[in-house]
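Novice: Listed below are the residues making up each chain.
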Amino acid sequence: MSHRFSLLGIAALIVLPFLVTSPFYLHLLITIAIYGIVALGLDIVFGYTGEVSIGHAALFGVGAYTAGVLSLQLGWGFWPALLLGPVVAGLFGAVLALPALRVTGPYLAMVTLAFGTTVLILINEMDFLTAGASGITLDRPLFFDWRGLKGVLPVFDMSLTRMRDVQYFLVVAVFLVLTIVIINRIIASNLGRAFEALRDSPIACDCMGVSVYRYKVIAFVMSAVLAGLAGVLFTYSEQYIAPNNFNFELSVSFLLAVAMGGRKSRLGPLLGAAIVVYLPNLLSDIVLFRQVAGLIAAGAVASLIYYAVRQPEKLRAAAVPTALCVAFFVGSLLLQNITDSKKGIYGLMILFVVYYLPEGIVGWLKRELATYLPGWIAASGAVQAQGEAAGAWAKDAPRSTKGATLLEVTGALMQFGGLKALDRVDLTVTAGAIHGLIGPNGSGKSTMMNVLTGIYLPTGGTVTFDGQSMAGLTSPSIALKGIARTFQNVQLFGELTLIENVLVGLHHTYRSNILDVVAGLPRAKSEEASARQRAASILAFVGLADLANEEARNLPYGKQRLLEIGRALALDPKLLLLDEPAAGLTAPDIKELISIIRKIRDHGITVILIEHHMDVVMSICDTVTVLDFGQKIAEGKPAEVQSNPRVIEAYLGGSSAIVGGLAVSSAVGA
Amino acid sequence: MLEVSNLVAGYGKVEVLHGLSLKVPKGSLVTLIGSNGAGKTTTLRALTGMIEPRSGSITLDGVNIAGLPSHQVTRKGVAHSPEGRRVFPALSVTDNLLLGAFPRLTGARPRGAVEADLARMFEMFPRLAERKDQLAGTLSGGEQQMLAIARALMLDPEILLLDEPSMGLAPRLVEEVFATIARLKAAKLTMLLVEQFAAAALEVADYGYVLENGALVKEGAASALRNDPAVRAAYLGASH
Chain A
1 MSHRFSLLGI AALIVLPFLV TSPFYLHLLI TIAIYGIVAL GLDIVFGYTG EVSIGHAALF
61 GVGAYTAGVL SLQLGWGFWP ALLLGPVVAG LFGAVLALPA LRVTGPYLAM VTLAFGTTVL
121 ILINEMDFLT AGASGITLDR PLFFDWRGLK GVLPVFDMSL TRMRDVQYFL VVAVFLVLTI
181 VIINRIIASN LGRAFEALRD SPIACDCMGV SVYRYKVIAF VMSAVLAGLA GVLFTYSEQY
241 IAPNNFNFEL SVSFLLAVAM GGRKSRLGPL LGAAIVVYLP NLLSDIVLFR QVAGLIAAGA
301 VASLIYYAVR QPEKLRAAAV PTALCVAFFV GSLLLQNITD SKKGIYGLMI LFVVYYLPEG
361 IVGWLKRELA TYLPGWIAAS GAVQAQGEAA GAWAKDAPRS TKGATLLEVT GALMQFGGLK
421 ALDRVDLTVT AGAIHGLIGP NGSGKSTMMN VLTGIYLPTG GTVTFDGQSM AGLTSPSIAL
481 KGIARTFQNV QLFGELTLIE NVLVGLHHTY RSNILDVVAG LPRAKSEEAS ARQRAASILA
541 FVGLADLANE EARNLPYGKQ RLLEIGRALA LDPKLLLLDE PAAGLTAPDI KELISIIRKI
601 RDHGITVILI EHHMDVVMSI CDTVTVLDFG QKIAEGKPAE VQSNPRVIEA YLGGSSAIVG
661 GLAVSSAVGA
Chain B
1 MLEVSNLVAG YGKVEVLHGL SLKVPKGSLV TLIGSNGAGK TTTLRALTGM IEPRSGSITL
61 DGVNIAGLPS HQVTRKGVAH SPEGRRVFPA LSVTDNLLLG AFPRLTGARP RGAVEADLAR
121 MFEMFPRLAE RKDQLAGTLS GGEQQMLAIA RALMLDPEIL LLDEPSMGLA PRLVEEVFAT
181 IARLKAAKLT MLLVEQFAAA ALEVADYGYV LENGALVKEG AASALRNDPA VRAAYLGASH
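Those sequence lines, one after another, are chains A and B. Taking this note's numbering, the leading residue of the first sequence gets 1, the next gets one more, and so forth. Taking this note's numbering, the leading residue of the second sequence gets 1, the next gets one more, and so forth.
Since the hints were made in silico from the structure, they are not lab data. In this text, all values refer to a predicted model and were calculated from it rather than measured experimentally. Fair warning: there could be bad hints in the mix.
Stated by the list, open to error - For lysine to any residue, the following SDA-like pairs were computed, each having C-alpha atoms within a straight-line distance of at most 20 Å:
| no. | chain 1 | residue 1 | chain 2 | residue 2 |
| --- | --- | --- | --- | --- |
| 1 | A | Lys314 | B | Gly67 |
| 2 | A | Lys525 | A | Gly543 |
| 3 | A | Lys314 | B | Leu68 |
If we strip away everything but chain A, and leave its shape as in the complex, we get (with noise of 0.2 Å):
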């Protein structure tokens, strides 16, 4: 269904240049497509990992510059400025994304933006490279002079000019068509679960390997390499460029492009650079703008009929945008000139789609379908799962070398201000068995799985796991050694789903490079195929084959700490370390649970489990160690530590005898 989409498009593309035989409107559909390029690159920094920039304007004037720099001083041409265009804005993303990325959210914002205005000053002020404010007149390129085919096709007799267009506009349509393949191979790639993992959850991310800080440079110096490209074909169908072209506002224009496009798809942000583009057209001509208001007004009374007859719960919601529809048509009615309002137009319809589509026009429009044509969406989105046998995964070979030290906490002391959270605590844990941490809330307990897994540097005191020192590694590193870990408040990728979340998991065993994955080897396919066998097994492993492919946010709370397990288990870790796994659940959720974990045990991870469900702890512990305002009060056997007087007093409390639960009576008696 896809591919039959896709082969149509191409033949479009080719199709167009030939039947749109104004040039100004060929010059419309090329800038839509070289802003399409820009904003479909900006898409992987702002829809799939999460960051805002607006500093792409700059990236975009970098490649443009680099070819007019290229022709002014060198006399070079086309070709060379496409090979070092994308180079050299990526090596200048490169620069302000390493230093940069440290940041998030707005402050990240405010670094692009600051980047933005250098650039553009920079180029001012370098007349000796860029000739300044006055800019630079390139020609376009003739690629090929087909006129003398014209006897095999009348289509190709054209004037000398509009060859010219035409053949600009194939070669731009080509490059847009290549930019959309390699995006949606890195999407579909582990790449792109990456990114997208980093922005529903870094410090998940992180702990499975898969470095925040890493994919988000890499994920900006793509888009940034993208807006090069861009900008020398920008330079080249302008055949002028000055600073001015590349400002602020820009930058604005390819966020709106993909905000309003939809973000997280190809044809949201190719939707919103039509828009962006033309909108300023549409306002310059009064008839056609009443066309388009009229065609939108008639399309929003129709659904309104439409949910008045089929679904009335829906008519108060869609009553206002539908007023707002039809006052706007009747406003374009009595506007007599339209140049002096354009802005407030411009700014109006902007405003509306903001607000009444946060998700965008692909984003609504998907929705809509997801819910009248439910199939439609699904055969699309879905991947198979292929599910193994329940429990392919457990029958692995198990891991050998019980009994030995796998962890060595020595003097751990990690002090926030004059807090002791942890006060010099030695833990040691056997290869091979399951030790519990349990202790009253605040003692200091996920603080220890924070300074196991490289969240915290503690204050003081030696890690040493697998017979190596982890001092100083960061927390991907300490995972890609294998421990892994879950969390007290879940922490999944809400918007991937169980597969993926799984495969962010297997992140580690990718072995193909971005190359790879863009020229689609055979190498990188047969990788991500038995990845996928392995997280399928994982899923039935956890008992959640059947959910697979459901988004991660959608699933009840218990069923989501089954998949963290999961997911943690992906990293085919040595040591596991379980935050709370019980909280939130039912008794009957908490046998599968104990089920689960002695298996994983059977099969030779090491597990470190922090629960309060006192019957947990109790019946698959080996040893238990039990802190109290930082520091080790007891540890020992279960049943030594359950009747030590001191763990009684700070933790269990009056009834000891509260395992099941059952005994709560007496206190509520009281």
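Take the given structure of chain A and dock chain B to it, following the hints.
Specialist: Chain B in isolation, oriented as in the chain A frame:
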């Protein structure tokens, strides 16, 4: 009293609750139990206006509150102690409590004696009094749970909705939380308790409803449910 009838609610295209009806009579403690994904949290979200019910009615003392936005539901006297506590971490304990009384301070609800109520909360939860100027984010999990309940009580509510008050708490604190609930019950506060720890919930409640796959499968006096073999097997982990 709170009365829910034929409540249908869900997210997007998924319908979670398929016509739920329940009653919380004035002065009683009713509990809603069920496994993960049964629809307990969705029920509370519909009751507090965080999601709009698709159909059905929710009335509080005869006044329909279905479909009202959350802040208006709160003004009608429905207080909510949310799952995961959700205290305002960067505000002091006292400020957290006063925010609970916000509709009273702005005149959206009868003002009553806010200061006296604040003093009463500190009396009821001495640990919060000790920490009244401390930032809520620095409290331990158990103290935060107490704060979440006290903040809800500061509304001077007609009904208190408690979502998973024992989650993630040390056993000793679980006891304390249930002891608190028992005290509130003795003070004749109307409460709806949603809890995974079904054994303790049925121990303290007057009446219980069992929710499965978005529909009620059983209801009855809490003592009867506690001894019901099917409930014991499914929710109380009786075989332990």
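Novice: Give a verdict on every hint.
Specialist: To see whether the hints hold, each was checked on the structure:
no.	hint	in the structure
1	Lys314/A - Gly67/B	13 Å, holds
2	Lys525/A - Gly543/A	27 Å, violated
3	Lys314/A - Leu68/B	16 Å, holds
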